[in-house]
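Chains A and B supply the protein sequences, listed in that same order.
So in this note's numbering, spot 83 of the first sequence is number 116, and the numbers just go up one at a time.
So in this note's numbering, spot 97 of the second sequence is number 130, and the numbers just go up one at a time.
Hints in this document: simulated from the structure, not taken from any laboratory.
Among the hints, erroneous ones may be present.
Identical copies look the same in the list; a pair holds intra-copy or inter-copy alike.
Said to hold, decoys possible - Subject to a maximum C-alpha distance of 16 angstroms in a straight line, what follows is the list of computed EDC-like cross-link-like pairs (lysine to aspartate or glutamate): (1) Lys135 - Glu167; (2) Lys135 - Asp108; (3) Lys135 - Glu147; (4) Lys84 - Asp67; (5) Lys135 - Glu110; (6) Lys84 - Glu60; (7) Lys131 - Glu167; (8) Lys135 - Glu99; (9) Lys131 - Asp39; (10) Lys84 - Glu147; (11) Lys135 - Asp65; (12) Lys84 - Asp65; (13) Lys149 - Asp48; (14) Lys149 - Glu178; (15) Lys135 - Glu58; (16) Lys131 - Asp108; (17) Lys131 - Asp116; (18) Lys149 - Glu105; (19) Lys135 - Asp41; (20) Lys135 - Asp116; (21) Lys149 - Asp108.
Number of protein chains: 2
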Amino acid sequence: MMPAADQDTIRAIIDARSANVSSGEVETSMADIDESVVMFDVVDPLRHIGKASSLARARSWRATFEQPPRLETRDVEVFLSGDVAFSHFLSHVSGTQKTGQKVEMWFRTTLGFERKQGRWRIVHEHGSVPFNPETGHVSLGLRPEGKPS
Amino acid sequence: MMPAADQDTIRAIIDARSANVSSGEVETSMADIDESVVMFDVVDPLRHIGKASSLARARSWRATFEQPPRLETRDVEVFLSGDVAFSHFLSHVSGTQKTGQKVEMWFRTTLGFERKQGRWRIVHEHGSVPFNPETGHVSLGLRPEGKPS
């Protein structure tokens, strides 16, 4: 049902993404993204369809920072059967933009995977921050309850 | 790899949810939610862990409306293998809250499924609206490009 080796591969992909973003390797951080990816990003627009759009977004985000932002994850859960898997976790990004603006926020990430020709590919990505319905503002100051696992 | 019957079951669960929300059947709309669900909702907090928290959120949201809001989906894609599946799609909600506030927005939904004792269960839900990084406001006015499929 859930072979340890495949679980490990999925977790390694997630860890490598964080490491590559944190070391400024934007292209490498997107290596496991499938050409067909449908990405729901934390910021506008509603969605990106295809890797080219997703990659352009990653590049332009990275370009707002002088030094690479630091990306970390916690509470990674992986569900896997046969050639399909998905994972959800909390992500934390911190850094300083070229404008001097400090970025430090928790967001939620869900990834969908499909094994294609023997290789696990990210075919769906959903990142988001919830909003406060009273104010219409995004809730950038939220923190997970409890300690990081 | 992707038996049509299972695909149909997943799609029927998604359709039933929209129908049940739209007819005001909150409890029924949550029937396929697993006790273990981890839900990332469109509004605060960062996450809900467990069905009780998720159901409380659904009830309190419903209670802000006199008449049930209308929930619709488009561009539903399902990935399924063995006993795991995930789906992503766009959702549209419209209605009028008791305060007189009109609600009309597109949001993104990802659902994660696991088959437990022969029954497909929603073990993860991620709903969100992106925000505008210039203003910090949630982007409630976004519309999908093209026509509904």
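Outcome of the hint check:
no.: 1; hint: Lys135 - Glu167; in the structure: between (25 angstroms within a copy, 14 angstroms between copies)
no.: 2; hint: Lys135 - Asp108; in the structure: neither (25 angstroms within a copy, 36 angstroms between copies)
no.: 3; hint: Lys135 - Glu147; in the structure: neither (36 angstroms within a copy, 39 angstroms between copies)
no.: 4; hint: Lys84 - Asp67; in the structure: within (6 angstroms within a copy, 32 angstroms between copies)
no.: 5; hint: Lys135 - Glu110; in the structure: neither (29 angstroms within a copy, 37 angstroms between copies)
no.: 6; hint: Lys84 - Glu60; in the structure: within (11 angstroms within a copy, 39 angstroms between copies)
no.: 7; hint: Lys131 - Glu167; in the structure: between (31 angstroms within a copy, 14 angstroms between copies)
no.: 8; hint: Lys135 - Glu99; in the structure: within (12 angstroms within a copy, 42 angstroms between copies)
no.: 9; hint: Lys131 - Asp39; in the structure: neither (39 angstroms within a copy, 49 angstroms between copies)
no.: 10; hint: Lys84 - Glu147; in the structure: within (15 angstroms within a copy, 27 angstroms between copies)
no.: 11; hint: Lys135 - Asp65; in the structure: neither (29 angstroms within a copy, 41 angstroms between copies)
no.: 12; hint: Lys84 - Asp65; in the structure: within (10 angstroms within a copy, 32 angstroms between copies)
no.: 13; hint: Lys149 - Asp48; in the structure: neither (20 angstroms within a copy, 29 angstroms between copies)
no.: 14; hint: Lys149 - Glu178; in the structure: neither (37 angstroms within a copy, 28 angstroms between copies)
no.: 15; hint: Lys135 - Glu58; in the structure: neither (21 angstroms within a copy, 44 angstroms between copies)
no.: 16; hint: Lys131 - Asp108; in the structure: neither (31 angstroms within a copy, 37 angstroms between copies)
no.: 17; hint: Lys131 - Asp116; in the structure: neither (41 angstroms within a copy, 46 angstroms between copies)
no.: 18; hint: Lys149 - Glu105; in the structure: neither (27 angstroms within a copy, 31 angstroms between copies)
no.: 19; hint: Lys135 - Asp41; in the structure: neither (34 angstroms within a copy, 47 angstroms between copies)
no.: 20; hint: Lys135 - Asp116; in the structure: neither (40 angstroms within a copy, 43 angstroms between copies)
no.: 21; hint: Lys149 - Asp108; in the structure: neither (26 angstroms within a copy, 22 angstroms between copies)
The structure fails to meet hints 2, 3, 5, 9, 11, 13, 14, 15, 16, 17, 18, 19, 20, 21 from the earlier list, while all remaining hints are met.
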